[in-house]
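Let's have the full structure, built from the sequences with the hints guiding it.
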Amino acid sequence: MGDCMLIEGEFGVLHQRVVEILGVSLLEVIATGEAISADAIAGMIRVLHHDELDDLAVKLAIDVLLQDMRLCN
Numbered sequence: 090m091g092d093c094m095l096i097e098g099e100f101g102v103l104h105q106r107v108v109e110i111l112g113v114s115l116l117e118v119i120a121t122g123e124a125i126s127a128d129a130i131a132g133m134i135r136v137l138h139h140d141e142l143d144d145l146a147v148k149l150a151i152d153v154l155l156q157d158m159r160l161c162n
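Add 89 to a position in the sequence shown, counting from 1, and you land on the number used in the numbering used here.
FYI, nobody ran anything at the bench for these hints, they're computed from the structure. Please note: incorrect hints may appear among the correct ones.
[Unchecked claim] What follows is a list of derived Cβ distance ranges for each label pair:
| id | residue 1 | residue 2 | range |
| --- | --- | --- | --- |
| 1 | VAL102 | GLY122 | 13 to 23 Å |
| 2 | GLY101 | ALA124 | 26 to 36 Å |
| 3 | ARG135 | HIS104 | 28 to 38 Å |
| 4 | ILE119 | HIS139 | 16 to 26 Å |
| 5 | ASP140 | VAL108 | 14 to 24 Å |
| 6 | LEU142 | VAL102 | 18 to 28 Å |
| 7 | ILE125 | ASP152 | 24 to 34 Å |
| 8 | HIS104 | LEU142 | 17 to 27 Å |
| 9 | GLY101 | GLY122 | 27 to 37 Å |
Note that the Cβ used here is the ideal one computed from N, Cα and C, for glycine as well.
As structure tokens, then:
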């Protein structure tokens, strides 16, 4: 599914999906009471989307978090 989104004009759909993945994962981390961190959110993405880890939007969402962690260290 993710690779199909690369067709010209579909970037907005991909971007929206990445934001949705990040947002839902953040809410789940908050619901568990775990400390909020990029690592916790990335872990939650892996849990929630374990069957979609090859989806481009899922990969990008995790990359956004990991890139943020590299910049902060």
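To see whether the hints hold, each was checked on the structure:
1. VAL102 / GLY122: 13 to 23 Å: Once the Cβ atoms are compared, 33 Å apart, the range 13 to 23 Å for GLY122 and VAL102 is violated.
2. GLY101 / ALA124: 26 to 36 Å: 33 Å, holds
3. ARG135 / HIS104: 28 to 38 Å: 21 Å, violated
4. ILE119 / HIS139: 16 to 26 Å: 20 Å, holds
5. ASP140 / VAL108: 14 to 24 Å: 20 Å, holds
6. LEU142 / VAL102: 18 to 28 Å: 19 Å, holds
7. ILE125 / ASP152: 24 to 34 Å: 19 Å, violated
8. HIS104 / LEU142: 17 to 27 Å: Between HIS104 and LEU142, where Cβ atoms are some 19 Å apart, the hint holds.
9. GLY101 / GLY122: 27 to 37 Å: 34 Å, holds
Hint compliance for this structure: hints 1, 3 and 7 are not met, and every other hint is.
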